[in-house]
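Asks: Sequence:
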Amino acid sequence: MKFTKEIARLRRVEGQARGVIRMLEEERYCVDIMHQIAAMEAALRATRAKVLAIHAQDCVQEAIESGDKETQRAKFAELAALFGKAGR
Numbered sequence: 001m002k003f004t005k006e007i008a009r010l011r012r013v014e015g016q017a018r019g020v021i022r023m024l025e026e027e028r029y030c031v032d033i034m035h036q037i038a039a040m041e042a043a044l045r046a047t048r049a050k051v052l053a054i055h056a057q058d059c060v061q062e063a064i065e066s067g068d069k070e071t072q073r074a075k076f077a078e079l080a081a082l083f084g085k086a087g088r
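If you use UniProt numbering, the sequence shown closes out at 88, no skipped numbers anywhere.
Treat the hints as calculated values from the structure; they're not laboratory data. Just so you know, not all the hints are guaranteed correct.
Simulated DEER-style distance windows between Cβ atoms [said to hold, decoys possible]:
hint: 1; residue 1: 71; residue 2: 36; range: 40 to 46 angstroms
hint: 2; residue 1: 26; residue 2: 46; range: 24 to 30 angstroms
hint: 3; residue 1: 57; residue 2: 37; range: 26 to 32 angstroms
hint: 4; residue 1: 80; residue 2: 18; range: 17 to 23 angstroms
hint: 5; residue 1: 14; residue 2: 54; range: 16 to 22 angstroms
hint: 6; residue 1: 30; residue 2: 81; range: 15 to 21 angstroms
hint: 7; residue 1: 74; residue 2: 34; range: 20 to 26 angstroms
It should be emphasised that the depicted structure is a prediction, and the values quoted were computed from it without experimental measurement. From the three backbone atoms N, C-alpha and C, an ideal C-beta is built for every residue, glycine too.
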């Protein structure tokens with residue numbers, strides 16, 4: 001499976017999210033909560049980057065090799081949209 005590491009990373013983020021909820025319920029120190037949220041955001045950014053790289057290696061490469069101009073345009077449009085969203 002090509003997403004094994006990403007799944008593991010997201011499971012860690014899931015655990016961190018439960019921990020942040022618990023911290024909020026316990027009214028823990030705000031700075032500690034923010035550190036945990038920042039760690040989650042970093043893990044999500046890394047996962048997004050890896051999934052995008054896999055998409056480029058697999059799906060986009062396949063479209064390029066197919067020679068089908070319409071498929072190539074569609075994949076390019078997908079990538080452009082993804083990069084646009086990533087910048088937000």
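Asks: Which numbered hints are broken by the structure, listed smallest first?
Replies: 4, 6 and 7
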